[in-house]
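Construct all of the structure, not just a fragment, from the sequences and the given hints.
For the record, the sequence lines run as chains A and B. If you use this note's numbering, the first sequence corresponds to residues 1 to 303, in order. If you use this note's numbering, the second sequence corresponds to residues 1001 to 1189, in order.
Some hints could be false.
With a straight-line cut-off of 25 Å between C-alpha atoms, the simulated DSS-like cross-links for lysine-lysine are [said to hold, decoys possible]:
| hint | chain 1 | residue 1 | chain 2 | residue 2 |
| --- | --- | --- | --- | --- |
| 1 | B | 1026 | B | 1179 |
| 2 | B | 1054 | B | 1176 |
| 3 | A | 118 | B | 1176 |
| 4 | B | 1018 | B | 1030 |
| 5 | B | 1034 | B | 1018 |
| 6 | B | 1087 | B | 1176 |
| 7 | B | 1061 | B | 1087 |
| 8 | B | 1115 | A | 118 |
| 9 | B | 1127 | B | 1115 |
| 10 | B | 1109 | A | 118 |
| 11 | B | 1061 | B | 1115 |
| 12 | A | 118 | B | 1087 |
Note that these hints are calculated values from the structure, not bench results. Predicted model, so just to flag it, every value in this text is computed and none were measured.
So you can see what is in the structure, the chains are spelled out below.
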Amino acid sequence: MDIDILTSSVAQGFLWAIMAIGVYLTFRILDIADMTAEGSFPLGAAITAHAITQGTNPVVATLMGAAGGALAGWVSGIMTTKLHIPDLLSGILTMTGLYSVNLFVMGMANVPLTGAMKTVFSMISIGDSTTTTIVVGGVVIAIVIILLVAFFNTEMGLAARAVGNNEDMSAANGINADAMKIIVYMISNGLIALSGSLMAQTNGYADVSMGIGTIVIALAGIIIAEILLRNISFGKRLLTIIVGAIIYRLIIAIVLELGVDANALRLFYALMLTLFLSLPLVQKKVGQMQQRRKNSKSMKEDD
Amino acid sequence: MVTNVTHPDTNATGVTDKVDTAAQIKLLHKMFPKAKKIGLLYNAAEENSVVQIKTAKKVIKSLGLTPVEKTVATTNDVQQTAAALAKQSDAMYIPTDNVCAAAMNTIGKVTESAKVPVVTADATMIKKAGVATRGISYKELGRQTAKMAVKIIKGKKVKDLAVEKPAKTELVTDAKRMKLFNIDASTLK
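Laid out in structure tokens, this is it:
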């Protein structure tokens, strides 16, 4: 039974990690709070679900979904850089507009994917559905990380990171800050839409409301990753985000197993998450106390 | 719309499409008599679902069974919550809940792999996740309402026409799941 919780957390964690990595790119690299995520996540799902119901090859449908997300990112990017709308607001505006776009793409509020339709998960059949999700999710995330690490170490990628670090200094060195921002916006939302697309295929439906609350899920994964290991290289950070996303799912799964009052579930998620996030601080304080005791002991011995 | 069901005081009457939760729970019990823990999944923010769950819990307890509840706030919660609930119950009942309806395909996948049978209050959801239910045929509902309209046209006063419950409910089944759980439809008539 316990292995069950671990494997399903890994499966879900892999899929949500793709979104968390997407959010990380704008949130930490560009230092921008991008709310477009709550619109691009369902956009990826909507495009892919619609395409699959029309008989499109699932891999093509998934890539179409990701492309849609990149386009949404471009829109937000243009609003922030060219129209000088504050980044938080740009994201909210795009997210709001995308609600209608998603309804238009799907033709209805909820598009079910029946068992007969081919998804990227039905293309490969390994063991049960959790194992298939882990394999497919694992492959996708491995490709994503390899491509991202490669890109962000190219001249353009480094320029993008520089813009997020110190925009004025980057511009002074001849970097086109606006262009770099737009590129990161596009990659970020492309990944978020990719996550939505995969989520729709594994869940069996795309729903216009499935973006609500997802930015919290993504940020939780990122924060847990940063608490676990601070100050590490870009590639390693992406890997820890996967761990962060899995841990978040694991915490939820553990609370669900506890059998607490149905209405108190979310309170317990918050409590357990707070407990987990304060562990490093507790560790530090305990370490300091131990060091103090050691110091005072050695001082007494010196007398 | 109507505050007095037996003597409608606003100028409106008709047939209600309120789900017969008790009949559906009893059907679940008849199909799966060995199921002791009945899982209930719903969105606590929907008053409609809360009311149905309250009735369901009462009926479940009166049958000597144990209700196990879990709530979901958004469709993204459904995958993990339904999976956990499936592990903690022998059979599940889903009321007419908007969040669960949107995510019904996920509920179907999760419960099928956990081999836990589901009865949905909404007959249209049976093909996505359920085994069988006592459902409302909206066509029959229309016919029944039309008969009431005829009575009004023929002179009967609105306040003398009590709001009616659906006279006919139909047994809606999913062949694949009936087979999976070895239920014979003829025993349910």
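Outcome of the hint check:
For the given pair, residue 1026 of chain B sits about 20 Å from residue 1179 of chain B by alpha-carbon distance, which is consistent with the 25 Å threshold. Restraint check for residue 1054 of chain B and residue 1176 of chain B: the C-alpha separation of about 30 Å exceeds 25 Å, so the hint is violated. Between residue 118 of chain A and residue 1176 of chain B, the direct Cα distance comes to roughly 20 Å. Compliance with the 25 Å bound is thereby established for this hinted pair. Note on residue 1018 of chain B and residue 1030 of chain B: the hinted pairing holds, with a Cα-Cα distance of about 22 Å set against a maximum of 25 Å.
Under the criterion of a C-alpha separation no larger than 25 Å, the hint pairing residue 1034 of chain B with residue 1018 of chain B is inconsistent with the structure, at around 28 Å. Restraint check: the Cα-Cα separation between residue 1087 of chain B and residue 1176 of chain B comes to about 22 Å, which is no more than 25 Å; the hinted pair holds. A hinted pair counts as satisfied when its Cα atoms are at most 25 Å apart, and residue 1061 of chain B with residue 1087 of chain B qualifies at roughly 20 Å. The suggested pairing of residue 1115 of chain B with residue 118 of chain A holds, with an alpha-carbon distance near 23 Å, which does not exceed 25 Å.
At most 25 Å may separate the alpha-carbon atoms for a hinted pair to count; residue 1127 of chain B and residue 1115 of chain B meet this at roughly 16 Å. With a C-alpha separation of about 15 Å, the suggested pair residue 1109 of chain B and residue 118 of chain A falls inside the 25 Å cut-off, and the hint holds. Among the hinted pairs, residue 1061 of chain B with residue 1115 of chain B is consistent with the structure: their alpha-carbon atoms are about 23 Å apart, no more than 25 Å. Only pairs whose Cα atoms come within 25 Å are accepted, and residue 118 of chain A paired with residue 1087 of chain B is rejected, the gap being roughly 28 Å.
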